Structure formats: C-alpha cells, structure tokens
Amino acid sequence: MIGRNLTAAVLAGALGLGLASAAPAQTVVGVTATEIKIGNTNPYSGNASAYGTIGKTIAAYFKKVNDEGGVNGRKITFISYDDGYSPPKAVEMVRKLVEQDQVAAVFQTLGTPTNSAIHKYINQQKVPHLFVATGATKWDDPKNFPWTMGWQPNYQTEGRTYAAYILKNIPDAKIGILYQNDDYGKDYVKGMEDGLGANASKMIIMKQSYEVTDPTVDSQIINLKNSGANVFFNVTIPKFAVQAIKKAHDIGWKPTHFLNNVSSSLASVLKPAGLDASRGLITALYMKEITDPQWQKTQAYTDWVAFMKKYYPDGALDDQSNAFGYTVAQVMTLVLKQCGNDLSRENIMRQAESLKNVELPLLLPGIKVNTSPTDHAPIQQEQLAKFDGERWALFGELFEAYHK
Amino acid sequence: MARRAGVILAVVVIAFAYSLPLYMSGFRLFQFTQVCIYAIALMGLNLLTGYNGQFSLGHGAFYAIGAYISAIMMDQWNIPYGWTIPTAGVLCLIVGFLFGRPALRLEGLYLALATFSLALSVPQILKYFEHWTGGSQGLVLSKPKAPWGLKMTEDQWLYLLTLTVTVLMFVFAANLVRSRVGRAMVAIRDNHIAAETMGVDSALYKSLTFGVSAAYTGVAGALSAIAIAYVAPDSFNVFLSVTFLIGIVIGGLASVWGNVLGAMFIQFVPNFAQDISKAAPWAIFGIFLIGFMYAMPYGIAGGIKRIWISHVLSRVSQKQGGEAVSTTQAQSPSR
Numbered sequence: 001m002i003g004r005n006l007t008a009a010v011l012a013g014a015l016g017l018g019l020a021s022a023a024p025a026q027t028v029v030g031v032t033a034t035e036i037k038i039g040n041t042n043p044y045s046g047n048a049s050a051y052g053t054i055g056k057t058i059a060a061y062f063k064k065v066n067d068e069g070g071v072n073g074r075k076i077t078f079i080s081y082d083d084g085y086s087p088p089k090a091v092e093m094v095r096k097l098v099e100q101d102q103v104a105a106v107f108q109t110l111g112t113p114t115n116s117a118i119h120k121y122i123n124q125q126k127v128p129h130l131f132v133a134t135g136a137t138k139w140d141d142p143k144n145f146p147w148t149m150g151w152q153p154n155y156q157t158e159g160r161t162y163a164a165y166i167l168k169n170i171p172d173a174k175i176g177i178l179y180q181n182d183d184y185g186k187d188y189v190k191g192m193e194d195g196l197g198a199n200a201s202k203m204i205i206m207k208q209s210y211e212v213t214d215p216t217v218d219s220q221i222i223n224l225k226n227s228g229a230n231v232f233f234n235v236t237i238p239k240f241a242v243q244a245i246k247k248a249h250d251i252g253w254k255p256t257h258f259l260n261n262v263s264s265s266l267a268s269v270l271k272p273a274g275l276d277a278s279r280g281l282i283t284a285l286y287m288k289e290i291t292d293p294q295w296q297k298t299q300a301y302t303d304w305v306a307f308m309k310k311y312y313p314d315g316a317l318d319d320q321s322n323a324f325g326y327t328v329a330q331v332m333t334l335v336l337k338q339c340g341n342d343l344s345r346e347n348i349m350r351q352a353e354s355l356k357n358v359e360l361p362l363l364l365p366g367i368k369v370n371t372s373p374t375d376h377a378p379i380q381q382e383q384l385a386k387f388d389g390e391r392w393a394l395f396g397e398l399f400e401a402y403h404k
Numbered sequence: 001m002a003r004r005a006g007v008i009l010a011v012v013v014i015a016f017a018y019s020l021p022l023y024m025s026g027f028r029l030f031q032f033t034q035v036c037i038y039a040i041a042l043m044g045l046n047l048l049t050g051y052n053g054q055f056s057l058g059h060g061a062f063y064a065i066g067a068y069i070s071a072i073m074m075d076q077w078n079i080p081y082g083w084t085i086p087t088a089g090v091l092c093l094i095v096g097f098l099f100g101r102p103a104l105r106l107e108g109l110y111l112a113l114a115t116f117s118l119a120l121s122v123p124q125i126l127k128y129f130e131h132w133t134g135g136s137q138g139l140v141l142s143k144p145k146a147p148w149g150l151k152m153t154e155d156q157w158l159y160l161l162t163l164t165v166t167v168l169m170f171v172f173a174a175n176l177v178r179s180r181v182g183r184a185m186v187a188i189r190d191n192h193i194a195a196e197t198m199g200v201d202s203a204l205y206k207s208l209t210f211g212v213s214a215a216y217t218g219v220a221g222a223l224s225a226i227a228i229a230y231v232a233p234d235s236f237n238v239f240l241s242v243t244f245l246i247g248i249v250i251g252g253l254a255s256v257w258g259n260v261l262g263a264m265f266i267q268f269v270p271n272f273a274q275d276i277s278k279a280a281p282w283a284i285f286g287i288f289l290i291g292f293m294y295a296m297p298y299g300i301a302g303g304i305k306r307i308w309i310s311h312v313l314s315r316v317s318q319k320q321g322g323e324a325v326s327t328t329q330a331q332s333p334s335r
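These protein sequence lines map, in sequence, to chains A and B.
Counting in our numbering, the first sequence runs from 1 upward without gaps.
Counting in our numbering, the second sequence runs from 1 upward without gaps.
Possibly wrong hints are sitting among the right ones.
Where chain B lies over chain A, by a calculated footprint (3+ residues, C-beta under 8 Å) [to be verified]:
{"hint": "1", "stretch": "45 to 58"}
{"hint": "2", "stretch": "115 to 122"}
{"hint": "3", "stretch": "307 to 318"}
Computed cross-link-like contacts, PhoX-like style, restricted to lysine-lysine with a CA-CA straight-line distance of at most 20 Å [said to hold, decoys possible]:
{"hint": "4", "chain 1": "B", "residue 1": "Lys278", "chain 2": "A", "residue 2": "Lys120"}
{"hint": "5", "chain 1": "A", "residue 1": "Lys168", "chain 2": "A", "residue 2": "Lys186"}
{"hint": "6", "chain 1": "B", "residue 1": "Lys143", "chain 2": "A", "residue 2": "Lys126"}
{"hint": "7", "chain 1": "A", "residue 1": "Lys37", "chain 2": "B", "residue 2": "Lys278"}
These are calculated hints, taken from the structure and not from any lab test.
Given the structure is predicted, the values throughout are model-derived calculations rather than measurements.
Glycine residues also receive a C-beta, built at the ideal position from the N, C-alpha and C atoms.
My request is simple: use the sequences and hints to build the entire structure.
This is the structure:
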C-alpha cells in the first residue's frame, strides 16, 4: 500500500517536473517534446512541376530553422509528397499525411484543383490547412471552411487594384481586355468589373479571350487595337504575355497597358518580349521581384542569397518561386513560434488567425500580413509598378482591395 | 482441376478482401478502394487489348466520361450516387461502341494513336461545357454515408460498395471470356482472317468489345468520382491512359487475376518509388517497370502461372520417371 502510494507520488513528481513543457505536447497530434510534424504536397512531377521548387525551398528553410535550434526547442519535420498536380493523388497523399503520418498541420499545398479536392475533407478532419499556394478567391471563406487559409493576394483583388487606378487617373478610359478563358482569367475580369462598379459597362469596350491551347493571340491584339481602346488589361500567362506585348508594340498600339502579376517576371516575360517593347507596362506587385536590381543591394536580398547558397544550392536565384517559398515558410515558422507550448490544432489555427501587421523581408516595403477569425486572406495589399526599361519602379500608394 | 483450384482461390481472396474493413485504417481502405477501381478499369482495357488484340491509349478518356457522368448527375440533378454507376456504364458502352465502329478501320499502332487523341482531347472538351462540368475548377461532391443505418464509416462503406461492384464485374468478365463470345474475341486477336473464315463477325465483335471495354472503364470512373468526391480535368491527364496500359501489361495480358495485380502495382509502386527517392521517383518507377518486364515478360499473372506450370510438370515427369517432359515446354506458358 505504502509502496504503491510512494510509486505514484514519485511518478507524479517526475511528471510534474516535465509538466510545464511536455504534458500538453503529448496529448496533441503531430507534436512531441522534440518535434512538430508539418505536411505538404507539391507537384514534383507532371505538368506543373516547375512549381515543385517551392516545396524544396520550404524544406530547405525548415532545415535552416532546425539548424538554428528549431521552434521553442522543437524541430520541424516537414513531410512533403508528390501529387503530380493530380487531384486524386492529392487526396490520397493528404489522407496519408493526416491519418498515417499524423501531421499537426497541412501547409502550402499547391494548386487550385488539388486544393479543391482536399478542401472538404481537411475541414471535416479539423486539420489546419494553412497558406495554400493558389490565387483563387475561395480559400478566404472562414464561415464554411474555418480550417483553410489562403496566402497571396487573389486574382480578384488584383483586378480591383487596377480598376481603382483607372477610375482615379484615366477618367476617359476605353478598356480592352485580353483574358485566358478559364477561372483564372475570369477571376481577374470579375475583379476589374467589380472594381469599376457602375462604370464597367461604359468603360470596358471589348473583351477578347484565348484558350490556353491556342498558338497565338495576334488576332485578338489586332481586334483590340481596332476597337479604339486606350487601356489594355492583359490577363495572360507568360507565353501569351510575351506574344501580346510584342504584337502590340509591332503594330504600333500604345495603350496604357496593365499586365497581370502572373506574368510580371523580368526573366521569363519582359526580356523575351523585349525591354523596349515592355517599357511603360504597369503591374501590381506584393513581393520584391528577385531579379530587380533595386533590391539586390538590400540586406533582405543578401540574407536570401546566403540562405539559398547554404541550404538550397541547386535552386535558381532568378526564380521568383524560390523567393515565394522562402517567404511563406517564414510566416509558417512565425505561427509555430506564436503557438508557444500549445501546439494543438486549435491553437495553431488560432495563431494563424491572429497575425497582426507582420512584415517579411521579401514582401514589398509596407505590405503587412493580417489575419483574423473572419479574414483568411493574409495578403491583400498590392502596389502598382511601372516598367522603366530596366526594372519595376514602384509608384503611388499601397492599395488595399478590401478595407477590414 | 485447375478450374476448381481457380474458384477456390477466388473465394478465398474475395473473403479476405471483405474482411479488410475489420482491421484496416480508413486511409488504407481508401487505398484499397482505389485498387478496386483501377482493377475494374484494367479489366476493361484488358478485354480490349489482352483478349481482343486492339490497342488503346485513350481509356483515361472513358474513365473521365464515367466520372463526369456520375458527378454531373449528383451535382446538377441530385440523383443518388447508386444510380450514377450503371448509367455511366451504359452511356460509356454506347460511346465506346460508336467510337469502335469507325476505329475498326485502324489496326495496331494506328488505333493506339486514334484513341490517344481521345485521351488528349477529353480533358479540354470538358472545360468548354463549364455550365455542367464546372470548368477547370471541377465539381465538388459529397461523400456518401453508409445507408440503412449501418454502423460504418464512409471509408468502410465505400470500400465494400466498390469491392462488391468489382466482384460482380469480374465474375461477368470471367464468364464472358470463357463463353462463345470470348472465344470469338480471342480468335480475332490470334488471326482475324481465320476467325472470319470460321464465321465470326469480326466487325461486330470488335466494336462490341470496344463498347464493353469502355463500359467497364466508365464504371470505374464513376466509382472514382464518388470515392474522391471531386472531379476536375486535371484528374484525367494523358498519363492516366498510359498508367492503365502499364497496369495490364505488368499484371498480365488476357488474365483476369492480372488486373488485380496490375491495379496494386499502379496504386502502390509509385508511392513506394517516392519513398525511395524524392528527387527522381519516376526513374525508380522506371527501374521497377524494366525489372518486372525482365523477370516476368508475361506479366505478374503470367509469371505465377509459369512457375505453377513448371512445378506441376516437374511432378508429373517425376511420376513418369523423368525425361518425358522437356523444359522448353514448361517455358512457353499460354497467355
């Protein structure tokens, strides 16, 4: 009897010592006293495999965090599977992460169709589904999907940004739109139309679309020029953006030319299209364009290069996707830090919902990450930039599409 | 005797398959649900390629059509999922038969290319009918719950449903290939001129086989839409059709069991390859493919049969005092 009591007392004492740190951790999924498991899927193979480098950068960043002691003493175990951009494979892999690997949270799953496929499941399982890598608008829906959170400004937000600029600065705008005939293209057009409000029907004088399988957009550009438009809203992916910029230049059409952020890369769009032809383009940015010389003297850039050289030497320094992965991994690390010792799924979600005015090195100066239980769209600010023949020169103020 | 052994084996395997929900986690059951779905699709392709000798690189298209028929019926008209499975089968039968008619003029590689065009075009065509198909965003569906108040999880119910459909489809296929129709199919494959001389209507059988093959694949597609609870054009890329071809060749052409083994291969080996190397999973997968083809040129089912035959023959020859059976005989398994 005494013996048993004594054992119990000793046990209780031993537990008591560790209670402050270890006890809560042992009861929650995906977390031990030394480890936090974070799950992810990326297209390392298949059509969208160019984006797979984001997953590799994130893995490299968490390795850096671990080398520097981890998060509150715990190392991050980043489990990332290949989904090949296939929705059924994404479902299988995410179920593996949740049910077999028992991750604490799923983070940065990439692609609109793949995330759509896991959206319901992951919310039913009540697993944090954080900072997904897609520009669709539907991830910011905390009422119906409280466990899912987006990351980048969505396409509609960007469309509204241009609309606000047009309303203010080009009152006699006659807008011609070229867009890709799918949800991505239509989201942008909707953002523009919503932003113009009552003026939309008057200002937008022509809309031309193309299919992603089309060989060129030359005839659409000619039609747009002939319509008499003085503003060109160019919603195209890089291949067609190059064609559109070149063609407009060649036929001597000189509208105010808004180019969507999707194709704002110097290396893959503006240089192939011709720097001279690209002069005067306007786009909306939220991240520092990593090949832009204006940032290459800053500490943020030096740190990024040092990180890449040490942890991801195979990664390209001129690939914006790598800068993207680096930035989003920083915010995830921050959320885990804020969790302190309570790494339950509820608390991870609560902390992800309470980011206040977070600034990150590779976001544009002044852009702040903000979230709340009713706001699952972390970045909603963008700034316009004009291409001066060499770099994107920021101008005007930060634009916020929705005032919270 | 071999026939009876086959039936006993089938009963044991089916009983084992039905017992899986008793001790398997939801995730594993989901994976085996996928295996069942793939097995049905492979059975369909195997009827066409293995038994009838027609090549198809486009069965991903029928899989997609089946999936979308099921998804649109559930999403647009709220039809219970159970009805969507036979509907997908019947509609794919018609589509397959109609496609099979003109494709009759094409043989071998030319037919493979013609069907490949199906696999290429269907995902894009789906985007045009955005009103029904949801465009490239796809359609999000609800996972069915167990009916009749059964105390089962969704995964358990889906697995048992899929398994039951698989067993029914396999029993039908096994009977079909042993019937007069099946013999006609094989005769056309082996020598269509000889078959026609014997009075087999080659054109009719070929397009019928195409239809039945598409129906099987369509049913598999419908089940996949229900199991994944989501369809999008990206789910049915060209690689899916190639995967099916890999499945039947690895499993074993013109073998009913081969489809189950092939389905396991295409479900589990890519994951396994990924566990070995994150950097080059498809290179590892390729090594597995070459390894299997080298070790078992007639597929896994063919390899097992070969081992079994040589085992039986060696026992027979021992009884007869050896010598009677040469090894060359043992090494030429029937397909």
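Outcome of the hint check:
Only when three residues or more bring their CB closer than 8 Å to a CB of chain B does the claim for the stretch 45 to 58 of chain A stand; here the count is 3, and the claim holds. Chain B is given as covering the stretch 115 to 122 of chain A, and this holds because 5 residues of the stretch bring a CB closer than 8 Å to a CB of that chain, at least three being needed. For the stretch 307 to 318 of chain A, the stated coverage by chain B is violated: 0 residues have a C-beta nearer than 8 Å to a C-beta of that chain, whereas at least 3 were required. Between B/Lys278 and A/Lys120 the alpha-carbon distance is near 28 Å, which puts this suggested pair outside the 20 Å criterion.
About 23 Å separates the Cα atoms of A/Lys168 and A/Lys186, which puts this hinted pair outside 20 Å; it is violated. For the proposed pair B/Lys143 and A/Lys126, the alpha carbon gap of about 17 Å is at most 20 Å, so the pair holds. For the given pair, A/Lys37 sits about 18 Å from B/Lys278 by alpha-carbon distance, which is consistent with the 20 Å threshold.
In terms of the numbered hints stated before, the structure departs from hints 3, 4, 5, listed from lowest to highest.
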